[in-house]
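A.B. asks: Chain by chain, the residues run as shown.
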Amino acid sequence: MATNPQIKDVQFSEKGLKEFNHLLTRYDSKRSALLPVLHLAQGEFGALTDDVIHYVARLIELSPAQVLEVVTFYHMFHRKPVGEHHLQFCATLSCWMAGSHQLLKSTCSRLGIREGETTSDGKFTVTRVQCLGSCGSAPVVQVNETYYENLTPEKLNRLINSCKEGKPKIP
Amino acid sequence: MAGEKKVKITLNGKEIEVPAGQNLVDAAKDNGVEIPHYCYHPGLSVAGQCRMCLVEQEGNPKLQIACNMKCSDNLKITTNSEKVTSAVQSSLEMHLINHPIDCPICDQAGECGLQNYYMKHGKYHSEMREHKVNKEKVVDLGDHVVLDKERCILCSRCVRFTQEVSKTSDLGIFQRGDRAIIGTYNDESMKGNYQVNTVDICPVGALTSKDFRFEQRVWFLDEAPSVCSGCSQGCNVSVHHKKGKHIYRLKPRFNEQVNKWWMCDKGRYTYKESNYDKRLSSAQLGGIDLPFEEAIQAWTTDLKVLLAMERSDEVGVFVSPHHTHEELKSIIEVLVSQFGITKFYAEDIDAMVKADAPIDGFLYRSDAYPNSRGFLKVFQDKKIKLHSVNDLTAALSKGSINHLVMFIPEGDRILPVTGKIARAMKPDTFVVCLTPQKGATDQFPGALSLPSLSHYEKTGTVTNHMGLEQSMMAGFKMFKESHSVQEILGLLSSRYSDARHEKGRVGT
Amino acid sequence: MSNLESRSYLIGIVKGLITTGGHFFRNLLGFGNRPTIEYPEKRRNYSSRFMGVHILTKKKSGEIACTACMLCATNCPAECIHIVAAESPNPKVEKYPAVYEIDLLRCVFCGFCEEACPVDAIRMGRDYEVPELSERNFVVGIDYLMNRPSLQNKNISVFHEPERIAKMPEKKIA
Amino acid sequence: MIKHTIHSKNMRPLAIDQKPLAAERRVLLEHEHIPDMNKIDVYASKGGYEALKKVLKTPMTPDQVIDEVKASNLRGRGGAGFPTGNKWSFVPKTKDKPHYLLCNADESEPGTFKDRVILEKLPHMMIEGMIIGSYAIGAAKSYVYIRGEYQYAAEVIHNAIQEAYRAGFLGKNILGSGFDHDMTVHRGAGAYICGEETGLISSLEGKKGWPKLKPPFPAVEGYLRCPTVVNNVETLAAVPWIINNGGAAYTKLGTAKSTGTKLWSVSGDVNRPGVYEVENGISFRVFLEDILGGMKGGKKLKAMIPGGSSAPIMTAEEAMKCTLDYESIASFGSMLGSGGMIVLDETRDLVQVLKNLSEFYHDESCGQCTPCREGTGWIEKILHSYTEGEAHREDLKLLDRVSNNMMGRTICVLADSIAMPVQSYMKKFPEEFERYLKKAG
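First to last, the protein sequences are chains A, B, C and D.
In terms of this note's numbering, the first sequence opens at residue 30 and continues consecutively.
In terms of this note's numbering, the second sequence opens at residue 3 and continues consecutively.
In terms of this note's numbering, the third sequence opens at residue 10 and continues consecutively.
In terms of this note's numbering, the fourth sequence opens at residue 6 and continues consecutively.
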């Protein structure tokens with residue numbers, strides 16, 4: 030496919046390529062591996078930028094538009110790099126009843142950014158997400174891939190402080 | 003279609019017989035019942051997204067979509083019950099609550115699915131008081147298509163077209179829910195030779211043709227069935243013109259065997275060769291306008307002088323396969339049988355026909371003439387030998403031809419060939435150009451030019467590469483002075499015979 | 010009429026003159042109820058629904074309000090409106106009339122165009138004094154219809170969507 | 006390099022740590038509290054994979070397995086409650102196309118977090134159930150479609166599958182029975198719609214999670230247009246017990262029509278929110294007092310959403326009278342659904358609750374069908390302006406009309422998941438909406 034000039038050529042790491050080939054063997058159609066490959070690419074490159082999307086499109090033999098359709102459909106795929114600590118506040122019913130909105134507002138004001146933005150030092154991104162499947166221990170915040178449950182304002186501040194030090198730990 | 007199994011279905015109480023497995027929407031349309039639909043298109047896969055074609059099926063409490071139903075025995079469908087009409091009205095309302103309703107500036111006004119169905123099925127007072135979702139308005143998708151994401155009703159016809167028919171897969175639906183938008187990757191230009199088909203099948207004004215942008219309102223346009231002159235595929239088109247004065251666009255016309263619902267972008271702009279700026283609008287002699295009558299008279303006298311001295315072999319005729327059967331027949335009847343002219347010259351049509359193959363694997367073919375097969379057949383039937391253009395240039399430079407009749411079609415394709423002939427010609431040879439285009443007459447400064455009809459004004463038949471004879475019923479004339487080739491030759495032969503018998507007044 | 014009167018020619022003339030003279034002097038001195046007025050010093054006051062030469066309205070920003078949607082040309086029974094639409098130079102506006110001409114000689118001043126217009130871009134004005142030397146000048150264009158002095162720039166369209174235009178992204182079309 | 010994923014230990018919902026309460030009936034979660042129960046050896050030591058051995062060693066024919074599940078009258082635990090035995094029997098017996106079994110571990114229904122316990126603590130029980138199910142429908146491949154956010158659970162399942170391969174319960178010629186089977190974990194990427202059966206199939210095919218047109222039904226033409234069965238985690242986890250103890254034994258649990266036990270994930274204004282396994286048919290009153298520790302802060306119960314956010318709401322009186330099984334909840338106009346119960350006390354403003362839910366469904370609507378794509382957005386906007394002080398009486402009529410025009414008009418039931426609650430909130434709690442009308446004056 031004629032790629033337009035601004036698209037730089039990117040490549041999976043050697044480990045990533047091995048993982049990619051293994052993934053292909055698990056499915057009966059190449060396109061079925063698209064989601065896992067996008068997870069793999071987002072893990073390696075940090076975000077699904079235009080170059081990455083064109084690379085994945087070539088690997089899975091799809092047009093970039095078809096891959097972009099999938100990337101923009103799912104919430105977990107980002108087209109721009111997110112902060113080192115991606116604070117995802119659950120906004121749905123049980124967490125909302127437990128006050129997750131107040132936690133979100135206070136965190137935004139504390140970090141000085143609005144919802145969905147990244148702090149200038151690239152450390153934090155704050156977004157609102159839908160039900161994380163942990164309603165019994167509401168309110169919940171997911172940082173990168175870990176759930177932090179039963180948060181109170183104090184616990185949340187301690188969590189953010191531990192993130193600032195680079196080692197997020199259970200408050 | 004005769005051998006197909008028929009099944010009996012009941013539509014609105016009336017029992018009808020339809021081919022087995024036919025889509026219910028098509029079956030209903032064939033029997034006069036119009037089931038409203040946006041996302042269904044007979045040439046594309048079934049999406050079932052717009053939910054406009056909801057119908058009541060006996061034995062099923064929930065309304066079913068008709069586009070996903072194949073006709074099978076004793077299928078009982080009701081489309082006019084109160085429940086169905088209110089469902090269709092509410093589906094339409096849902097389409098319109100985030101629609102910008104900017105009909106004054108939308109080219110689709112007059113042929114827009116939303117307007118049509120609102121008048122047939124809507125007629126409600128909108129209760130949408132909330133803020134509408136705003137999206138990008140004028141987005142340039144390359145040199146053929148302009149996109150307006152706000153008007154899009156997300157029926158995914160264009161996406162399915164690029165994935166299933168043109169196979170470029172460059173359109174997609176991004177984001178989710180009512181924030182979803184149609185577009186290409188980062189709004190880059192669309193690719194491929196079939197982009198404007200997406201404009202035809204887009205039921206609303208989301209995808210509009212850049213060439214037709216703001217040109218004319220569709221309710222001012224008349225429609226004439228014709229065949230595309232772009233190549234030998236012979237796609238059926240309808241020519242949209244205003245009172246025969248100006249052609250604004252071409253749209254494909256459904257033909258099961260040739261082009262189904264589609265046509266290529268190249269062919270779509272062939273109408274520009276018929277419009278005002280390209281046309282020879284009156285007869286000319288050496289560049290000076292003169293009434294059509296005198297031009298015919300001049301041609302007759304020169305021809306008469308030659309034929310009287312039995313020098314019919316000094317008359318050369320250049321023809322091209324761009325002409326219809328009827329034109330070629332009249333050329334042969336008048337020039338050959340009446341005047342006994344034998345020397346016919348044309349490009350190497352045999353080679354073109356043999357090398358003819360689809361260029362982009364779908365419709366557009368390499369042979370650039372719409373009637374090559376027909377042309378060869380006519381001349382082979384009459385056993386007239388076709389000499390090559392080189393023979394003509396040789397004969398001209400040698401001076402053995404000093405009366406040249408040039409049948410030149412419109413379009414820039416032919417100009418290199420006619421240019422070569424013009425350069426090889428001696429200044430004193432008498433040239434007659436029967437052509438619709440100014441470009442050709444400029445190449446022959448001293449020539450007698452007679453304006454003939456452009457391709458889309460002609461009524462006649464052409465044979466496409468499959469050998470399928472297709473008729474064109476244009477029936478409009480853009481310039482008062484221009485006449486069809488048959489008319490001109492008719493006048494010529496009648497003037498010639500009058501001149502010979504010295505009687506009868508010249509009729510206008 | 011007595012026999013003498015009909016035979017003697019003079020009495021009839023004098024009687025006629027007395028009637029005309031009576032009207033003449035009564036009107037001259039302003040006592041008469043003559044319908045004519047001293048035009049152009051005094052003018053008839055027509056009703057506010059009077060339909061005179063058309064007016065093309067403007068947006069608040071001074072641009073032409075018309076979007077060249079051709080509804081007036083379609084609705085016009087005399088087919089005397091000729092419009093050529095084009096891409097608007099203002100990046101926030103999509104379509105505007107490059108040419109908008111009305112042939113006043115053909116126009117029957119029925120007001121159908123005013124009714125058809127969805128954005129109050131054309132109205133029936135109050136001017137009726139449109140003297141011209143040749144019929145070509147009766148085909149009036151945008152400049153006359155929108156900016157003629159008698160309008161005193163008061164022809165502002167009531168239909169405008171400032172917040173929608175403000176939020177509209179600029180169009181990206183070659 | 007691949008970022009190493011870290012997980013924290015406090016993932017387990019609270020209530021599950023203590024020993025079973027009197028009113029609980031732990032069948033699936035019997036050994037859940039044993040540490041390292043997710044390892045294969047500990048699981049095998051508690052009778053794990055006996056059912057698989059029983060199926061493959063005796064050997065039971067696929068039809069016998071299906072009949073056993075039919076006899077147990079096990080109903081789908083994901084939300085629809087469709088009898089699993091019947092679902093399996095719809096798969097055509099012919100083998101011209103490959104068959105697939107997909108485990109729906111997407112669990113995105115607000116209020117539902119029961120599958121997570123099985124995924125993190127008892128992965129092998131689900132795996133064993135999947136292998137048996139695949140054997141029953143003749144599927145050579147099965148996939149665990151797990152929601153992208155459950156990163157830790159995905160790892161646990163992945164390790165468990167590798168253990169199963171090493172133990173010979175997966176791969177070629179399992180236990181010498183000639184039955185080959187491959188299982189893969191497939192992570193979703195954050196879309197509620199992929200919890201819908203055909204939405205999951207589209208997502209697994211590498212497309213947007215747009216549900217597919219039915220007919221054709223997945224059992225005939227599903228994943229890659231081949232016969233496919235999609236079962237919930239809890240449904241598959243119940244299969245080994247049914248095979249071990251027989252379908253009849255399973256019908257002794259619970260009520261006649263709602264047999265067996267159900268995992269309830271409770272959240273909201275209760276003292277002990279969490280995941281509990283109870284026998285179907287237990288009364289809500291007992292469930293609330295004995296298991297959930299009553300209302301938090303002694304407040305009065307106002308309303309209860311039984312089966313996840315898409316279930317119509319039940320008033321306090323109705324809740325107190327109902328028993329936790331499909332029939333009783335349905336008799337009050339609601340749905341057992343996925344068992345994601347949300348309890349609301351007297352302080353909760355139900356219009357705000359409904360607004361929050363409409364935001365969820367507006368954000369999660371996949372946008373394929375027009376009534377849902379536009380309708381969810383419209384409902385949210387109406388509720389937004391309704392609660393921001395511009396409440397008009399016609400808004401209620403409009404809400405009713407719009408939700409009516411969404412119900413039953415779309416390819417999947419996401420539209421109904423907001424339309425039915427809207428209707429039930431307005432019918433059962435009109436006074437909540439009146440309050441806003443008065444406030445708006």
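No lab work stands behind these hints, which were simulated from the structure alone.
Computed from a predicted structure; not experimentally measured.
A few of these clues could be false.
As the list claims (entries may be wrong) - Here are the simulated EDC-like cross-link-like pairs (lysine to aspartate or glutamate), alpha carbons at most 20 Å apart as the crow flies:
no., chain 1, residue 1, chain 2, residue 2
1, C, Lys176, B, Glu138
2, D, Lys402, B, Asp414
3, D, Lys98, D, Glu125
4, B, Lys274, B, Asp414
A.B. asks: Would you mind marking each hint as holding or not holding in the structure?
C.D. replies: Right, here's what the structure says about each hint:
no. : hint                : verdict
1   : C/Lys176 / B/Glu138 : holds, 10 Å
2   : D/Lys402 / B/Asp414 : violated, 65 Å
3   : D/Lys98 / D/Glu125  : violated, 34 Å
4   : B/Lys274 / B/Asp414 : holds, 11 Å
Violation of the numbered hints given earlier is confined to hints 2, 3; the remaining hints are satisfied by the structure.
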